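Residues per chain are reported as follows:
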Amino acid sequence: MNTDYTKNPLTVTAAPHIKNPEKTGTLMFDVIIALIPATVWGVYVFGWRALGVVLASVISAVAFEAIFQFFMNVPVTVRDGSAAVTGLLLALCLPVSVPIWIPIIGSFFAIIIVKQLFGGIGKNVVNPAIAARVFLFLAWPTQMSFSSVVGVDGVASATPLTALNKGMLPADGLRNTVIGNIDGCIGEVSAILLALGGLYLLIRRVIKWHIPVAYIGTVALLAFIFPQGDMETWRFVAYQVFGGGLMIGAIFMATDYVTSPVTNWGRLIYGVGCGVITIVIRYFGQYPEGVSFAIMIMNLLVWYLDMFTRPSKFGGVEKKS
Amino acid sequence: MKLSFRGGVHPPQNKNTAGKAIEKMPLPKKVYIPLSQHIGGVCVPLVKKGDTVDKGQIIGNVEGGLGCPVHASVSGVVESIEVKTSASGVKTGQIVIANDFEERLSPDIAPIGKSVDELTLDDVIEITKKAGIVGLGGATFPTYAKLSSGAGKIEYLIVNCAECEPYITVNHRLLLEQPERVLGGLEILLKVLGLEKGYIAIEDNKKDAIDKLEELNESKRIADICVMKTKYPQGDERQIIYALTGKELTSGHLPFEVGCMIINAETMAAVYDAVTTGMPLIERFVTVDGDCIRDPKNLSVRLGTPINELIDYCGGLVKEPHKIIFGGPMMGVAQWKMYAPTVKGTSAVIVFSKQQRKRQTEQPSCIHCGRCVGHCPMHLMPNYLVAFAKEGQLDKCRQFDILGCVECGCCSYDCPADVPIVQTIRVAKGKIMEQIRAEKAAAAMKEAEKKEAENKDNTEKTENTEEKGEK
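As you go down the protein sequences, you meet chains A and B in turn. All residue numbers for the first sequence refer to my numbering, where the first residue is -4 and numbers rise by one. All residue numbers for the second sequence refer to my numbering, where the first residue is 2 and numbers rise by one.
Any given hint could be a false lead.
Derived coverage of chain A by chain B (criterion: at least 3 residues anywhere in the stretch with Cβ under 8 Å from a Cβ of chain B; other residues may be distant) [claimed, not checked]:
1. 16 to 27
2. 91 to 102
3. 114 to 123
4. 229 to 239
With the Cβ distance kept under 7 Å, some of the chain A side facing chain B (calculated, not the full set) [claimed, not checked]:
5. 5
6. 6
7. 10
8. 46
These aren't lab readings, by the way, just hints derived from the structure by calculation. None of the values given here were measured: they were computed from a predicted structure. For glycine and all other residues, C-beta sits at the position ideal for the given N, C-alpha and C.
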């Protein structure tokens, strides 16, 4: 040990000299932990194939980021975990029946086109996983549709939302919908496990409540005011909230830091906007689901929301004593 | 509900020395008195090499303008006057005094000889100026200037005992061990400012000190004890004013403009000493802590004592030092040498080893998490300020109130991406201040040209009239 005063070089840096140990990687790791219950459930419901899709997506996302950064001669930052989160989220919003090249193409689109070409982490305009999902959905609608799915009970054939979209009563009971014993994408089916993950993120202070609450609240409220179909209002509201991609979207996708506002008011408006667009697409659109489009559209407005809700500076309003 | 403010962070408090009584450091063999220790002008030395000086003698003073004198903290002989780079990185003169250990008191030092009731504000301004008293919380703003600018405008006289920086416990110990000095100082200032009662602002992590104060205050009732939530930067004057009065002090303004005067607890004690005994500020309390220090302590230190002696007195180092910080870890100044002397603003000496902080990447990328926006006690958007500053968009920075930043460090502390937010903002602020100075100079130039032109016109006119008159 060198405690000789004279020889020791000291480091001089600007204050502050202490630091919260949390890093970007810590936060991303928390998101992955929060997604594990829903992922495990997806594998349980849809079988080992689901695990294959998840692994293909995550591994290719990390690999694409590493390869791109290596060849662009910039620091390789896959250890911050953001590419893994993107890959995982993408896989969780794919149907289990997709051919295995679909998640790989999706990861390429998400990581290279949406994220790295815009400047890497923190610079992308839209959420990479959402953009990739929309791209896959538009480019390969057949492969992306729900077919040949064998659920646990073996009867699931359509998601509750497709049924609602066609004006039918969903075949699955509400209880199964909440637990996740329904058809749908790998990770979006179990509303309750996703909510559990969200709770974990809230407790760990990774996300704030504003976006999920505003988003889900708006969807629920609009569904309550304008119920459709031949069923009790509360049942319709419950299907709207739990039946599609809303839970994973509101808790994990819309709260992506890079593509959501930094102010609390901005977050509330953003959440409400997502909710309104989701309902509009679900009610009036061709597609049964509108979460991806809603979040993507609101992603584009983040800068304006930040500017619109810019906090007034401390003492900005002159007060006479 | 406890008094508080919006924003801020909760760094680990690490008040390891809260239970350690203040110990008097043995007198140093030599003291090093920098001529620039506080806000205001640089002192001019009044002694020369070889002079014998007494304890408490004024050895440097400012020539007019804002500033305070510096005093000899020991009796002895002036060994040299050298130019050194001071703790704040500015080159200043430094008077080196070899201690003769006689503790000969300067004949100038005598109590004013008036009772508290007879004192006037001018007396106290005179005394505090002569005693070289400055804000001992770390800002080192001359106290006499605070008093004279606030005269007649003050409604709230607030004693700042928040001590929101981690590690530092000197105010806490002062309130526990010598509360009568703080309350005595408060009584004097209340009297000369013509106020009925003052306010003691303290964070709720100092329970024993609060109890003590309440007990002492029971009989005299000279202050309201305002307990605030423990949160950094509660000790910032703007946040204290807000917590106690609900007034928001805009950046670029001083507390007296909203009727407040905030004096740190130790400064209050120094005012008390100066008024009652005439003793100038030659000694202060310093917390010595950090993971490298064997035995963290609170010390009473003569100004000018080199920090290595403080560290030695605390049992020396147990780990290789990486950083030495004057002040708290959130806003303190990192030192580049072990021999730096203790100055008026040194509330703590903290020695960290390398493990304390690691940077994760060389090129940090903001992930737009918004924590800095939520934490900023001045309600700024640090993430965007950094983005604008990096692109050199100084106009945008100004539009987003970059000059309102108080550099408290909450944003950098909690940034998961490790972006050096405060540092970037500080650099941009420097550039903007330069810009503003240039603008002002240009405006003044224009004004002068205009006046000159007008004068010319006038003289021509008068000449014309004179000519006419002649005709």
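List, from low to high, the hint numbers that the structure doesn't satisfy. 2, 4 and 8
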